[in-house]
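Chains A and B, in that order, give the protein sequences. Under numbering that gives the first Met the number 0, the first sequence has 4 at position 5, and the numbering climbs by one with no breaks. Under numbering that gives the first Met the number 0, the second sequence has 222 at position 223, and the numbering climbs by one with no breaks.
Everything labelled a hint here was simulated from the structure, so no lab data went into it. Do not take every clue at face value.
One side of the interface only, derived from the structure: several residues of chain B facing chain A at Cβ under 7 Å [unchecked claim]:
| no. | residue |
| --- | --- |
| 1 | Phe16 |
| 2 | Leu26 |
| 3 | Lys37 |
| 4 | Asn66 |
| 5 | Leu196 |
Derived list of chain A stretches under chain B, where covered just means 3 residues or more per stretch with a C-beta under 8 Å from a C-beta of chain B [claimed, not checked]:
| no. | region |
| --- | --- |
| 6 | 24-32 |
| 7 | 111-120 |
| 8 | 138-148 |
Even for Gly, the Cβ is constructed at its ideal location relative to N, Cα and C.
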Amino acid sequence: MSDLIRNIIRFALFILVQVYLLNQLHLHQYIIPYIYYLFILWLPFSVSRINLLIIGFVTGLTLDAFSMQIGVHAAACTLLAYVRPFVINILTPKDSSEFNYREPSPRAMGWTPYLVYVLILTILHHFYMTFLQWLQFGNFLDFVIKVISTTGISMLLIITVELLFPRRMKFRTNTA
Amino acid sequence: MRNVFLFIRRYFTFICFLALQVAALYLLFTYNRFHRAKGLGFANELTGRINSRYKTVDDFFHLKAENQRLHQLNDSLLNLLPSNFEKIDTITRFVRDSIPYDTLGHYRQYLWRDARVVYNTVTAEKNYIQLNKGSNHGIRDNMSVINSDGSAVGVVVNVSPNFSQVMSLLHVQSKRSVVLKKSGNMGTIEWDGKDPLYLTMRNIPKSDSVLKGDTVLTSVNSNFPPGFMVGTVAEVLADKSTNFYVLKLKTAANFFNLQQVHIIENLYDDEQARLRDDTKKKIDDPKNYNR
Chain A
0 MSDLIRNIIR FALFILVQVY LLNQLHLHQY IIPYIYYLFI LWLPFSVSRI NLLIIGFVTG
60 LTLDAFSMQI GVHAAACTLL AYVRPFVINI LTPKDSSEFN YREPSPRAMG WTPYLVYVLI
120 LTILHHFYMT FLQWLQFGNF LDFVIKVIST TGISMLLIIT VELLFPRRMK FRTNTA
Chain B
0 MRNVFLFIRR YFTFICFLAL QVAALYLLFT YNRFHRAKGL GFANELTGRI NSRYKTVDDF
60 FHLKAENQRL HQLNDSLLNL LPSNFEKIDT ITRFVRDSIP YDTLGHYRQY LWRDARVVYN
120 TVTAEKNYIQ LNKGSNHGIR DNMSVINSDG SAVGVVVNVS PNFSQVMSLL HVQSKRSVVL
180 KKSGNMGTIE WDGKDPLYLT MRNIPKSDSV LKGDTVLTSV NSNFPPGFMV GTVAEVLADK
240 STNFYVLKLK TAANFFNLQQ VHIIENLYDD EQARLRDDTK KKIDDPKNYN R
């Protein structure tokens, strides 16, 4: 299965799960589990930055279309897609002799760097999105609580997903 | 130009990011009511501050015109106040009965009309009272005015179509004929122009026994219908030089708060006056004088 088809299926799955499963869970007004952006985090290393930005924007916009809040997720995902390469650069070893995987994953990066990578981008995503939704810090404590709680539940979900669905690792080959 | 292209090429990713962010934010602020309101609110806040600063300066230069307009508005509003309008009685109409006596043979001599005081003074030497009825309602000069509690007030001295002017008893030129109730002796009342509570009564002979508290009534000699209160004797002073008392009368009517009054017309006033004049003429006529 080619990367393209696989990612298209992932895209559809993530959006559907996010819209029809997670957005329907009314846990608490501050705690909304988000997982759809994992699609962007899982994109192959080989995707160029421009394409990454466009994919991020489109992903966000798609979710926006479902959640009746045009622009919030698009902006957050674009930021996510823009920052992703920097974070990956910081967290992966410079000499890529032992770094042969196609996508970011616990096995490719190691659990700790991978979780740090996910955590940074999750916090960034939630922070920016919450800010855009509220357009103010309001009571700053409320703001921080919302960001932290949403981040926490998202992290929990992502770890669960990683453990439940270990991806078959593909090595980067010269032929690809 | 080359540098510009180089710059764009170098930062293409970042510019792309910015463009996409701007697009997302544009969508956000365009299609969401809350965000649009919020955005417009922020813009309003900013421009509103500047505008209000400008407006305060601008207002200062228009203060004069504004004042003028305000004053005109006040003027037109004050004109609408109910206190500007005097209620002219247009309902009651005076119709002289063609048969001036009823079936029992009673002739009517006095006709009463109600009226309201619209102007009244007590502090001047010549006090007048204005009533809200005039010649349109059949009021004429020399009609008498009695307060709502039945005490004498004054005599109509001038009328306009809708108002009449009453010479109050508190008028230094007022001189009315009254009687002492106890003895029926006639006297005249005047006012010295000092205390609006007290009138002066003269021409009661010292042979009469007058006491403090005696009642004084209107007499047939005046235009007042006889038998209405004028006042009570407050002090009895003996005038040393004449054979008459000088009585100080406490007025029965409270001139300070006159409101509703009656105007009384003597229907035979003309006839009586004519008779008086004719008699005078007749007696004074030299032809008759010698007889």
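Hints that the structure is at odds with (numbers, increasing) | 4, 5, 6, 7, 8
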